[in-house]
Amino acid sequence: MTGALGIYNYWIYVLLMMIGLYGVIAKPNLIKQAIALGLFQTGIFLYYISMAVIDGGTAPVWTTILDGAQKFEGPYDNPLPHVLILTAIVVSVSVLAVALALIINIKRTYGTIEYDEIEAMDQADKRADYQRSQVVDAADDLEQRLEGHHHA
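In the numbering used here, the protein residues as written are 2 to 153.
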(Lines of atoms letter the chains of each structure in order from A and count residues from 1; the text may use other names and numbers.)
(Lines give C-alpha, C1' and ligand atoms only; values in the text may rest on other atoms or scores of the structure.)
Protein backbone atom coordinates (compact mmCIF):
# COMPACT_ATOMS: atom_id res chain seq x y z
CA MET A 1 0.00 0.00 0.00
CA THR A 2 1.43 3.32 -1.02
CA GLY A 3 -1.51 5.47 0.07
CA ALA A 4 -2.03 7.21 3.37
CA LEU A 5 -2.95 3.94 5.09
CA GLY A 6 0.25 2.31 3.84
CA ILE A 7 2.26 4.55 6.11
CA TYR A 8 0.11 4.08 9.21
CA ASN A 9 3.14 3.95 11.51
CA TYR A 10 3.97 7.54 10.49
CA TRP A 11 0.42 8.59 11.38
CA ILE A 12 0.79 6.86 14.73
CA TYR A 13 4.09 8.60 15.42
CA VAL A 14 2.59 12.00 14.57
CA LEU A 15 -0.42 11.27 16.79
CA LEU A 16 1.81 10.19 19.71
CA MET A 17 3.99 13.25 19.32
CA MET A 18 1.05 15.64 19.20
CA ILE A 19 -0.64 14.06 22.23
CA GLY A 20 2.66 14.26 24.10
CA LEU A 21 3.29 17.86 23.06
CA TYR A 22 -0.24 18.86 24.08
CA GLY A 23 0.19 17.18 27.46
CA VAL A 24 3.52 18.89 28.14
CA ILE A 25 2.18 22.32 27.18
CA ALA A 26 -1.43 22.25 28.40
CA LYS A 27 -1.45 20.12 31.56
CA PRO A 28 -0.53 21.84 34.84
CA ASN A 29 -0.06 18.52 36.67
CA LEU A 30 3.65 17.63 36.75
CA ILE A 31 3.07 13.85 36.62
CA LYS A 32 0.83 14.24 33.57
CA GLN A 33 3.57 16.35 31.97
CA ALA A 34 6.18 13.65 32.66
CA ILE A 35 3.93 10.97 31.13
CA ALA A 36 3.24 13.22 28.13
CA LEU A 37 6.98 13.69 27.67
CA GLY A 38 7.29 9.88 27.58
CA LEU A 39 4.60 9.72 24.88
CA PHE A 40 6.42 12.36 22.86
CA GLN A 41 9.67 10.39 23.12
CA THR A 42 7.90 7.19 22.09
CA GLY A 43 6.66 8.94 18.96
CA ILE A 44 10.23 9.97 18.13
CA PHE A 45 11.45 6.40 18.68
CA LEU A 46 8.79 5.03 16.34
CA TYR A 47 9.74 7.61 13.70
CA TYR A 48 13.44 6.71 13.71
CA ILE A 49 12.79 2.97 13.66
CA SER A 50 10.27 3.41 10.82
CA MET A 51 12.85 5.29 8.79
CA ALA A 52 15.29 2.37 9.07
CA VAL A 53 12.91 -0.22 7.60
CA ILE A 54 13.01 -0.94 3.86
CA ASP A 55 10.21 -2.70 1.96
CA GLY A 56 11.23 -6.35 1.70
CA GLY A 57 14.28 -5.71 3.87
CA THR A 58 15.72 -8.28 6.24
CA ALA A 59 18.08 -8.18 9.18
CA PRO A 60 21.71 -7.88 7.99
CA VAL A 61 22.86 -11.30 9.19
CA TRP A 62 24.80 -14.11 7.53
CA THR A 63 22.69 -16.93 6.14
CA THR A 64 23.94 -20.47 5.58
CA ILE A 65 23.30 -22.12 2.22
CA LEU A 66 23.07 -25.86 1.56
CA ASP A 67 26.79 -26.35 0.83
CA GLY A 68 27.80 -24.76 4.18
CA ALA A 69 28.90 -21.44 2.70
CA GLN A 70 27.61 -18.21 4.16
CA LYS A 71 26.40 -15.19 2.28
CA PHE A 72 24.38 -12.03 2.69
CA GLU A 73 20.98 -11.81 1.07
CA GLY A 74 19.58 -8.33 0.71
CA PRO A 75 18.06 -5.79 0.76
CA TYR A 76 18.72 -4.98 4.40
CA ASP A 77 17.11 -2.86 7.05
CA ASN A 78 19.49 -0.36 8.61
CA PRO A 79 20.37 -1.68 12.11
CA LEU A 80 21.98 1.54 13.38
CA PRO A 81 18.75 3.41 14.26
CA HIS A 82 17.51 0.37 16.16
CA VAL A 83 20.68 0.32 18.26
CA LEU A 84 20.54 4.06 18.89
CA ILE A 85 16.90 3.89 19.90
CA LEU A 86 17.68 1.17 22.45
CA THR A 87 20.08 3.62 24.06
CA ALA A 88 17.50 6.40 23.82
CA ILE A 89 14.91 4.21 25.55
CA VAL A 90 17.29 3.66 28.47
CA VAL A 91 17.91 7.42 28.68
CA SER A 92 14.16 8.08 28.46
CA VAL A 93 13.39 5.75 31.35
CA SER A 94 16.18 7.36 33.38
CA VAL A 95 14.86 10.85 32.67
CA LEU A 96 11.37 9.76 33.72
CA ALA A 97 12.73 8.29 36.96
CA VAL A 98 14.61 11.50 37.79
CA ALA A 99 11.56 13.60 36.90
CA LEU A 100 9.37 11.54 39.22
CA ALA A 101 11.94 11.87 42.02
CA LEU A 102 11.95 15.65 41.54
CA ILE A 103 8.15 15.70 41.52
CA ILE A 104 8.13 13.86 44.86
CA ASN A 105 10.45 16.50 46.32
CA ILE A 106 8.29 19.29 44.87
CA LYS A 107 5.22 17.69 46.48
CA ARG A 108 7.02 17.57 49.84
CA THR A 109 8.13 21.21 49.54
CA TYR A 110 4.99 22.83 48.14
CA GLY A 111 2.28 20.34 49.08
CA THR A 112 1.06 20.17 45.46
CA ILE A 113 2.17 19.03 42.00
CA GLU A 114 0.07 21.53 40.05
CA TYR A 115 2.35 23.95 38.23
CA ASP A 116 0.00 26.94 38.43
CA GLU A 117 -0.36 26.55 42.21
CA ILE A 118 3.42 26.29 42.64
CA GLU A 119 3.90 29.40 40.49
CA ALA A 120 1.33 31.30 42.58
CA MET A 121 3.15 30.30 45.79
CA ASP A 122 6.48 31.44 44.36
CA GLN A 123 5.01 34.78 43.28
CA ALA A 124 3.50 35.29 46.75
CA ASP A 125 6.91 34.54 48.30
CA LYS A 126 8.60 37.03 45.99
CA ARG A 127 6.05 39.72 46.85
CA ALA A 128 6.49 39.05 50.57
CA ASP A 129 10.29 39.22 50.23
CA TYR A 130 10.02 42.50 48.31
CA GLN A 131 7.71 44.01 50.93
CA ARG A 132 10.03 42.85 53.73
CA SER A 133 13.00 44.44 51.98
CA GLN A 134 11.05 47.70 51.59
CA VAL A 135 10.26 47.71 55.32
CA VAL A 136 13.91 47.00 56.18
CA ASP A 137 15.10 49.75 53.82
CA ALA A 138 12.63 52.22 55.35
CA ALA A 139 13.76 51.24 58.85
CA ASP A 140 17.43 51.70 57.86
CA ASP A 141 16.66 55.13 56.38
CA LEU A 142 14.82 56.17 59.54
CA GLU A 143 17.68 54.92 61.71
CA GLN A 144 20.21 56.90 59.67
CA ARG A 145 18.10 60.05 59.93
CA LEU A 146 17.72 59.64 63.68
CA GLU A 147 21.48 59.14 64.09
CA GLY A 148 22.08 62.26 62.00
CA HIS A 149 19.85 64.30 64.33
CA HIS A 150 21.57 62.95 67.45
CA HIS A 151 25.04 63.90 66.18
CA ALA A 152 24.02 67.40 65.19
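What the hints contain is simulated information worked out from the structure, not anything from laboratory work.
None of the values given here were measured: they were computed from a predicted structure.
You may find that some hints are simply not true.
Unchecked claim - In silico lysine-lysine, DSBU-like type, Cα no more than 30 Å apart, as pairs: (1) K33 / K127; (2) K108 / K127; (3) K33 / K108; (4) K108 / K28; (5) K127 / K28.
TODO: Return the numbers of the hints above that this structure violates; sort them in rising order.
DONE: none
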